[in-house]
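Combine the two chains into a complex, taking the hints into account.
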Amino acid sequence: MILHMIPGEKAGLSSADNKADVGMMSLAASGYKSAQRQIVDRLLNRVRSTALYLAAGHQDAEDYAQMAIIEILRSAGSYRGESSLESWAQKITVRTVMRQIKKRRWRGQFMVVTDEFEGAVDACAETDLSRRRALRQVAVLFGDLKPGVRAVMTMKLVHGHSISEIARMLDTNEHNVRYRLRVGRQKLRRRLKNDPVLREWIGEERQ
Amino acid sequence: MTRRKGNCDRVHDLWEAQTFGAVLSEKDRRLVKDHLDQCADCRVEAGILGEMAFDGTSGPAPELDDLSRRRWIDDVMDIVSRQDSGAANVSQSRTWRTSSFAAAAAIAVLAVSAILWSAWPSFVAQSNGEEAIGYVASDKLAGTLLLSSGDVRVGGEVLGLGSTLEQGSRISMARGHAVMELTDGISVFMDEGAQVEIRELGQTLVDLFVKSGRIIVQVNPDHDGPPLLVTTDDGSIAVTGTVFSVAVVDGRSSVSVFRGSVKLKSETGQVRPLRLGEEAVLGREGVTQISREGESAVSDMLRTLELLTSKEGIALEIDSVPAGAAVFVDGVELGITPVRASVRAGYRRLDIKKEGFESVRELLELGVERKLTRVFELGELSQTEVASSVTSETARRKTSDSKKISPVSTGPVATPAEMIARAQVFRMERNWAAAVGAYGDLIDAHPSSAQARAALVSMGNIQLENLNKPRAALKVFDAYLARFGKGTLAREASFGRANALRALGKSGQERAALESFLRDYPDSILAQRVKTRLDEI
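Protein chains in written order, with this note's numbering: chain A, 1 to 207; chain B, 1 to 537.
No lab work stands behind these hints: they were computed from the structure.
Be aware that one or more of the hints could be misleading.
Covered stretches of chain B (in silico footprint by chain A; criterion: 3 or more residues with CB under 8 Å from a CB of chain A, positions within the stretch not fixed) [to be verified]:
#1 33-45
#2 69-83
Taking beta-carbon pairs under 7 Å as the criterion, some of the chain A residues facing chain B (in silico) [as the list claims (entries may be wrong)]:
#3 Lys-19
#4 Val-22
#5 Arg-48
#6 Arg-132
#7 His-159
#8 Arg-190
#9 Lys-193
Note that the structure is a prediction, hence the values are computed from the model and not measured.
Built from N, CA and C at the ideal position, the CB exists for glycine as well.
Pulled out of the complex, with its shape left as it was, chain B reads as follows (with noise of 0.2 Å):
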């Protein structure tokens, strides 16, 4: 045994003088290898640093397919062509996702909101139409429409996809809702019965005049373009990185913050912040915290936004007969048809629902043309599927001329393994909601498959890790223990458990949950791990 020793610190002493640039003699690498023969230790060592050399693959990384390495060469390349044209940071653009991004945001907020203070008085003279105080005459912008579903009008005009918004447009909603993009990093949401005018649209100053009704504003953090001042007949409010809304309703301005913070002006020139999950009233005293039904409100919008894009967005177009129907875009209601709207390329799930009426569903895939178009003719259900609730299995569609095709069956339209390529296209994309979504579909479609299994985990580590759902995630690891209690994926699903336990506050459960996992996986890398959390609680 010590010789054994002996001659593994040789070997050592060998492999070290080769890593630092010596050349082994013929007897040094027969002594090597005659080691190896007999030396189980050495030979893993030796078997796992020649597996390490870089081989043209990812290596531990996870492989990417044709698919999904494309998408993330585009991921980049159209990260590098925003920073080209100055619109875009990629550090600050990977942190908006995150949970840490109002800490970044309020550094950033305070940072500009200095600057905005000295120059409070002379862009907000300039908006209420006064005279300018050393205000510089800027270059005009245009901005675009992003999304159109209902009656959205400029002037007594109709808007449709990808119409000019200029400087003076004065835009109502008259029924459903509408997206903009004022600026590249500048979108606004206008919800039913808005009214708003553009007072501003230069590249010194956006400047958004709300008249009635509610809007909700997004201010990408990486936007490095004109300041936005919204203003309303009670004061006004200015913007850097930020989302938040403003609803004029019975003469009264309300602002609710959802991320970053704003500075809020009233008439009397009084000046005060507003922060992450405050409201506040324009020209009153007082701060109140938004409601949760009010923030799952604007979750759904805020996710419209994301969905949307004009550089480089696919128009999609879509109606149904009869119109009225819900359209569905990866989960995130678009509105009712007829639906018009410049959405990111990508793979995307098409839902299509109407009450009465056979719903439909179809996978997209967006960027092959610039436009697409869909006509859905939806078959009506008798009253006993109706009361069933029967989804679609016979929808029809037709394309834009009108011509009928064959009937679309929605039920599994794909493979296991194209369902989970899916689904990794929408995790590359950091599309959370939308990855979980093309999970439940795969579990749906072929919950036998070796694919779900893989899927369950999947989903829950997003649910935890990426849309802060520890309950929904400790459903989803439950499940696979309980299916699948000695599948491969069981310990990452058992470690998954007790950090949803731990997120969820049930530290005796954790507690437990870490303990059986030391039991069942006392060999795992992560044991070092889960033992000193056991210490810590």
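So that you can see chain A by itself, here it is in the shape it has in the complex (with noise of 0.2 Å):
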């Protein structure tokens, strides 16, 4: 098996991959629509999951997502080129979606996020749909943890960003970073430890 101990996405891309999207931004900020299309095309599964941890699973989470995709576009204007455009949507997705969390209070109804193929799919797709509930079940559990835990969570574990770069999107110090990234991961231990689901998921039945 291999493990990925520190998980995390490097964006990777050079000044000219920058300039280019630069371009392209500033193209979407005129109102090209073809230019918009390509950039929520290019974003859409990143935000995507980004809003659903930091929603904790929620199905208003969907809704979080299309909120943010649309303040990347209003802001697109905004894009210089300084980190590339994954990192720069991801400050905005975490701003609009944590902003949307304080703004609306959950009713007492908790829906978590459903799929409708559950049970129902075929056996290429089985492998899939196993790790997408696993995930979320992960999500679910970040519902433990203070919305400004889970976004340094999802920024570093979903997606690598450095400790300096987290620091920078919140507007906050690597130490108050280092701090929410402990207490985080301390409390998922915890709860993964005693998770059937994602025990078994893993293959790890609890002994």
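In structure tokens, the structure reads:
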């Protein structure tokens, strides 16, 4: 089994890539539909995934993702290429979703996002579904964390941003980011130990 | 054991250091690897953290198939383009569909009505043809006809779909009904017998005079165009973001408010507010509550309004032989054939029904072409068939050029996967009623499929959360649990059932359901919430 103990994806965009992105964002800001569509298509999975973790699996996550994407398009003109488009969009996504989470008090009925296809997938897609369900379970576990801690955890564990990047994105200091990350991981660790669904999925029955 | 715990701590320290940017030495890496071989807890943690890394997919979010993805993006593009034209605000548009709308709208109404209050004299005077005080002549706009079913005329001329409506147009609905959009964000449903006149249609004011009959007006709260003033012989109604009806019958003008609030001004100049759920007669004292029947009658019309659009709408022309058949799109009755409507793009379910004739159902993909014409030839039912209410299995259709096409089956028209994808599209569009209809179709067509099982639970969730129909939701959850008590979604169904009972106020049964949930799923992630709720009741 290959284990990625410290997960993270590297944006790895060169400045030339950023330049191209600045051009595209500038077109999007000027109202070019094809540029806007291209940006949405490129960022869609990333934004939806982030929104779901931040919303702790709540079904409103889809709404938040939509708001974040719209905010990204509205801010397109302010992208200067100082960081990758993905990082820049991530910052807007986190801020938009956090704002919505604070604004909207969830109602008593906590409806977790569900798939329509559960139990009805072909063999090929079964692994994907199983992984998605497990990750969703993790997102629900995020519900025990404060939104600020959730944001740091998502940016680090899901998107692999560095501590300094996260601090910049959240307008806070690195010490605070480290603290939130430590607290979040400790809590998550405790919950993971006692979660039969995730243990089963990883293939480790609790002894 | 102590030694293993110590190793766990050490490994966690190493992970943490790595998280903060440190590079592990060869020795430390080996330590971690050896520990993972022995420690199941850490293996779970490492495995989960490894899977969390973004890999280009939507991760925990439900996967979108190509169609749903396209619709998702279209939805965003639509909102952005409306914002660009200054006609929409996303946060407001998202909340339009939620029950919290009333609160949001109330604040907006208060703010804007204060402005209207001060401006009232000038534009009321103008609307009544009197001398305007300080009124600025406005640039003229043009309205559009979005739906025509029956006989809608302007000055004796029959109007067609897309016909332009201008200031001064006098519109009469002799038979059937019609929907017109006066300007972006203001839609008017005209019932049979209604007669209205567009007295002003400018950048600073829209004034609609109702001579007789009933109209239902929907003003989107995002609407930031000119204010709307609806006038009758008995007074006027100042409007911001709201939904209300005006009926002028037997010389009485009654107003009912279904969303938001309005301000009424009588002939004598007396001004008073009318709020959500209230109705009043212009020029008379007193306010009454809207009856349940009145509310449900209007809800059908509102669903019609939501289905129609002037922006990138698809022109749908439906006719039948014989004429006079009822046309339903996604379960919403648009009218009696011939029907002309500008419908929102997407997958739509079209039903044609006429008593004594075979019914027809067709799935339409609106968006491929800008205009879609269908002429259906309805087969007459025999007496036996009428008695047994046999649904349409052999209805035939013709295209607009009257060329006959082979009989269309209205039975299973698609595979379970296709049908559930269609329901998902409706969900993406927040078209909850249509989504429930699509799930229902799937369950009817493929009752033993795995998708039908999932559809039951999805249906229940929508009915409970989005349509506020806990009784219907309870039935659906019960049906799932009775048939597939040990199914993969039994946990969700059990939880949904408890929530439905809560919404119905049956706390005794809710308690039993919650206790049963805890017994069956003690390790569920929802268990803590269930316990909290049990403590509350």
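For which of the previously enumerated hints does the structure constitute a violation, in increasing order of number? 3, 4, 8
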